[in-house]
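The residues making up each chain are set out below.
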Amino acid sequence: MENKSLWKKITGSREALLLAILVVMGIFITILNPTFFSPVNIGQIFRNNALTMIMALGMLCVMLTAGIDISITSTLAFAGMTIGMLTKYNIVNSTLALFLIAMVMGCFCGAMNGLIIAKGKVAPIICTMGFMYIWRGMAYVVGNSQFASGEDVREFAEFGKDGTIGPYIILIVCYALFFWMLKWTKFGRKIYAVGSNAEAARISGINVDNTLISVYTIMGTLAGLAGALSVSIYASAQPNMQYGREMDVIAACVIGGVSMSGGRGSVAGTFLGALIISIIAKALPLVNVPSIAQNTVKGVIILVVVIFNVITQRMVDRQNLERREM
Amino acid sequence: MSESEYILELNGITKIFPGVKALNQVHFQLKRGEVHALMGENGAGKSTFIKVITGVHAAEEGHMYLEGKEVHFRGPKDALDAGIAAVYQHPTTYPTLSVTENIFMGHEIIKGGMIQWNEMNAKAQELLDRLHANFKPSDEIGALSVAQQQMTEIAKALSTNAKIIILDEPTASLTANESEELYRIVDQLRDEGVSIIFISHRFEDMYRLATRVTVFRDSQYIGTYDVDKITNADLVKAMVGREISDMYPKPEVKIGDEIFKIEGMSRTGFFKDVSLNVHAGEIVGMTGLVGAGRTEVMESVCGITKPDSGKVFLGGKQLKVKKPEDAMKEGIILLPENRSTQGLILSWGLGRNVTLPIQKKLAKGGIFNDSKKENELSKKFLEEVDTKAVTIFDPASSLSGGNQQKVVVAKALAQDNMKLVIMDEPTKGVDVGAKAEIYAIMGELAKKGYGIIMISSEMPEILGMCDRVYVMCNGRVTGCLNREEASQERILNLSMEHSSNERQEEAV
Amino acid sequence: MAGKSGRSINAEQKITAKKLLFTWEGALIVLFILVNIFNMNISQSYTFANVLREMPKYLAEMFMVLPMAYILVLGDIDISVGSIVCLTGTLTCYISNAGAPFPIVILGCLAAGLICGVINGSIATSFPELPSMITTLGTQIIFRGIAEISLGGGGSVAYNNTKQIMPLSTKLGKTVPVIILVVLVIAIIFTVVLQLTTFGRSLYAIGSNKTSAFYAGVDVQKCRFIAYVLMGLMASMCGLFLTAYTYGANTTTGQGFEMEVIAMCVFGGIASTGGKGTLIGGIIAGLIITLLRIALGQANVNSQMILVIVGALLIIAVLIPGIKGKIDEMKKLRAAA
Chain R
1305 MENKSLWKKI TGSREALLLA ILVVMGIFIT ILNPTFFSPV NIGQIFRNNA LTMIMALGML
1365 CVMLTAGIDI SITSTLAFAG MTIGMLTKYN IVNSTLALFL IAMVMGCFCG AMNGLIIAKG
1425 KVAPIICTMG FMYIWRGMAY VVGNSQFASG EDVREFAEFG KDGTIGPYII LIVCYALFFW
1485 MLKWTKFGRK IYAVGSNAEA ARISGINVDN TLISVYTIMG TLAGLAGALS VSIYASAQPN
1545 MQYGREMDVI AACVIGGVSM SGGRGSVAGT FLGALIISII AKALPLVNVP SIAQNTVKGV
1605 IILVVVIFNV ITQRMVDRQN LERREM
Chain F
1409 MSESEYILEL NGITKIFPGV KALNQVHFQL KRGEVHALMG ENGAGKSTFI KVITGVHAAE
1469 EGHMYLEGKE VHFRGPKDAL DAGIAAVYQH PTTYPTLSVT ENIFMGHEII KGGMIQWNEM
1529 NAKAQELLDR LHANFKPSDE IGALSVAQQQ MTEIAKALST NAKIIILDEP TASLTANESE
1589 ELYRIVDQLR DEGVSIIFIS HRFEDMYRLA TRVTVFRDSQ YIGTYDVDKI TNADLVKAMV
1649 GREISDMYPK PEVKIGDEIF KIEGMSRTGF FKDVSLNVHA GEIVGMTGLV GAGRTEVMES
1709 VCGITKPDSG KVFLGGKQLK VKKPEDAMKE GIILLPENRS TQGLILSWGL GRNVTLPIQK
1769 KLAKGGIFND SKKENELSKK FLEEVDTKAV TIFDPASSLS GGNQQKVVVA KALAQDNMKL
1829 VIMDEPTKGV DVGAKAEIYA IMGELAKKGY GIIMISSEMP EILGMCDRVY VMCNGRVTGC
1889 LNREEASQER ILNLSMEHSS NERQEEAV
Chain U
102 MAGKSGRSIN AEQKITAKKL LFTWEGALIV LFILVNIFNM NISQSYTFAN VLREMPKYLA
162 EMFMVLPMAY ILVLGDIDIS VGSIVCLTGT LTCYISNAGA PFPIVILGCL AAGLICGVIN
222 GSIATSFPEL PSMITTLGTQ IIFRGIAEIS LGGGGSVAYN NTKQIMPLST KLGKTVPVII
282 LVVLVIAIIF TVVLQLTTFG RSLYAIGSNK TSAFYAGVDV QKCRFIAYVL MGLMASMCGL
342 FLTAYTYGAN TTTGQGFEME VIAMCVFGGI ASTGGKGTLI GGIIAGLIIT LLRIALGQAN
402 VNSQMILVIV GALLIIAVLI PGIKGKIDEM KKLRAAA
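Here the protein sequences line up with chains R, F and U, keeping their order.
Quick note: the first sequence uses this note's numbering, first residue 1305, plus one each step.
Quick note: the second sequence uses this note's numbering, first residue 1409, plus one each step.
Quick note: the third sequence uses this note's numbering, first residue 102, plus one each step.
Bound conformation, chain R alone (with noise of 0.2 Å):
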């Protein structure tokens, strides 16, 4: 029986799940090569991935409510873009304007996201295919041909550069501040509600629409912030940045436990998604498999993960029903 409920923790919490596999992953990849998580490449592993982490703790929250964004990378793409083109033409240099400008930009983005979504009842996935497209127009737009270089942005980019630890506090307070908020705050219980059940939170008093519009705000506002990283972490910004990666950040939500149907996912289940996707990229060569086979690998995780999600809810509903006396 003892065995038997801990097979049950570990299938049960999806966080104890990806727990597991994640230090598997490391003895086995330490076998290998003692020296993969040396400080160094740890802290590339994270600055690698940053963007796609943070925003994931947006789709997360988004997610949660049973929408999606894919709009998220334009919106990355139109503010990086901006701030890229106010340094080079020395418009603005501060380093915090410039991420305070991609962010309220970003900020602004999801907005607009959010109204049409929540108060025109159209679904998600369509609205923000729209605003990808337009928004994606609009950072061509902005560069009018032109994209940012390294010397263009040189400034910026002491921010993000390898080896500083701007990006590492970023991404520290991101997580420290999306953990307290949707576990400790009213807001987080309303972000759930919604994506429980909306009638019901509807019927108990919750705005559903100021939730939702809020929850698409966030979405943007943390893509304006990746935009803003993106441009100073790889020093240039074109209009063609990040081009296709929203599905790398659904993709961590999905294999964290994020639930598409809503009120099921956690900031601890997303981070360990977004962490082992990245690890399994970077550790591949050391199985001997090139590093091109590494979106194979991502796609069949996703699919083992999600249809492994299946069987057990159907193995689980079985012994409840078995259970039933008659």
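Any given hint might turn out to be false.
What the hints assert, rightly or not - Below, a list of computed lysine to aspartate or glutamate pairs in the EDC-like style, where the Cα atoms sit at most 20 Å apart: (1) F/Lys1731 / F/Asp1716; (2) U/Lys323 / F/Asp1734; (3) R/Lys1490 / F/Asp1716; (4) F/Lys1669 / F/Asp1626; (5) F/Lys1856 / F/Glu1791; (6) F/Lys1731 / U/Glu230; (7) F/Lys1714 / F/Glu1745; (8) F/Lys1768 / U/Asp320.
Because the hints were derived from the structure by calculation, they are not lab data.
In this text the structure is predicted, and so the values were computed from the model without any measurement.
Please build the complex by placing chains F and U on the supplied structure of chain R, with the hints as guidance.
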């Protein structure tokens, strides 16, 4: 205004939805510390009325007084703050969240900007103890039974220190034992000084709990009565609007040979070892409490779900039904319980709904839809059941519950190979007029020699229409009564959980 | 048992010009004309002959609009199609470069698409609990991943025997490109099947109410499976013709196509929530977007500006039903009062 006597008073409430007046000038008075039953047929406006009280809907006209002061609720939050909490018919829980999270949703205990989880868990445990609940605050709601979910909702109402608690059909999906438990809790709350509004269509509930009863009919206020001063017949008359003796036009039909038989069918967790048979021209009732497994048996017969074991015979031939289409081909037609989610496609026109199951038969070459033939046929059948509609292109959503049910019937009639009709709660949420028409159709079908199975929880229609009644309890058939043997008491007895000894005695 | 009241229900449908115009498709046709006028104004070279010449570049995506309409009508979504285009395009090049005759190349390409569709369909029907968005997200990454692996470090492959694949990009009678004819024929078949057959009706039934459809005897999972397989097949058609026009494939081939195709369908009035819209709308919408692209390209408008326009059109299009619903509701409310 006698402020001291009534804690809640509503006058002249009118609520309009697009196309319908859901409430028309209704009144209601709730005394301090009383259990007040609110009764009426489905669609009488009870649920809408509750939502007006709890601020979910804003009334177009009328006044509401709480402890003598007029109040205007702009939203559910205002009502909650004023001490009014509701437990709805379908538990409005958050299935993915824990019991504690559910209880404190919207009024979390917060200190210094942080939600106090420990304190909330302790408080939740306290509330559950008070209700003698057998589950933990950390359990996920989705995994609990309906009764346990309801208890969580009551705990939630208590946690807000509500002065008025509204229970909307709380016993509808509870077993007998669970209902007893609920009665106990309601009594306890009343003794603690909480005023309770209790909506139900079970007379049992009303007699057991309430001191006064208010009746609504067709969105209108009919009257308020003392429970111990009104007779059952008068109450029924108030609810239905006429004597109901002429409701059941059961025709005298010569019962033919056995046409349908189930032998030892089981499905894990739903029903076990079910056997029954139906003769030509016979109306067979299936009753028992909600959740006894009646619907599930019939769904397995029709290929909606897969049974684990058992045999099904139609006209002496054993059937192999894997999917609904197979059952239909054999002539077993199911009229599902839930019209809007199972029976109809609400956004579609009536005609298309009627012909959906037979579209392949009508199609040219079995491939291309034959609109002309479909329209003619659906017109014929919709007129035959006397549907109140202007054209066959009206969306099904535009009809009343009764007329929607008639469309479902027309859909069944259109299948010309029909041998056995299974009607699952055919009169649920149907107004009285339409009810009588549906019974009439049922009688006509029996005369034509079809076999009919009617699943129903409503005793009067079971007693009024059926030649034979199977009673189910907790997944098993506990008895089969002839028309002469059947009585309310015997059926109830068979539907309740007893030890197997008692059950055998009853069956003898 | 004729109706006691003898009430008669009308079964004649009156089709008036006004009614037709107020359908989504009617509105799209008007928009189509307006867009053409607009195009002629902004571009001198927007002539029929020129449009005919430039269109093939964009038409390959139209193959996917057709089955995507099926999938959306079902209430599902398939975001793996761009990756299928990439994978089948890549395979086409490899098969040909290995020296296979042209019919084998075509069959190989289509078979690969078919298999991708079967994979998507099998997962979707074996695990109906899973949102199709997630499962096709998984296969999206996998299909492109396989293409990436086979393309190796260089990330691209060329179709060496260009003469072999030339027939697909030629013009019949020196004016009408082959692709237009192929798209036209397939589009007619897909439209007829969706709008006029029992299979099409079943798709709408499932998208409108899966449970009711199932209870009415519709084989829900079979219909879904067929739709996914058709989707895979048409994605490989897109991959084939794209290769014919670009003589090669690379890791970014077809990237973002899934969203463009879905956008065209939704703009055409096919709701992502299922059960609504017609393929006629989807095709007109696809044409409008294609023609806009051509004209803006000719007028030297920043090619990316088209993104903004497409996005804005999409959002306006999906907002209109909601606004119309609100107005209707208010009218009804007033009538009741």
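For each hint, the structure was consulted:
1. F/Lys1731 / F/Asp1716: Given that 20 Å is the threshold and the Cα spacing comes to 15 Å, the pair holds.
2. U/Lys323 / F/Asp1734: holds, 15 Å
3. R/Lys1490 / F/Asp1716: Distance ~47 Å between R/Lys1490 and F/Asp1716 Cα, so the pair is violated.
4. F/Lys1669 / F/Asp1626: Violated: F/Lys1669 and F/Asp1626 sit about 41 Å apart, past 20 Å.
5. F/Lys1856 / F/Glu1791: Holds: F/Lys1856 and F/Glu1791 sit about 19 Å apart, inside 20 Å.
6. F/Lys1731 / U/Glu230: holds, 19 Å
7. F/Lys1714 / F/Glu1745: holds, 18 Å
8. F/Lys1768 / U/Asp320: holds, 12 Å
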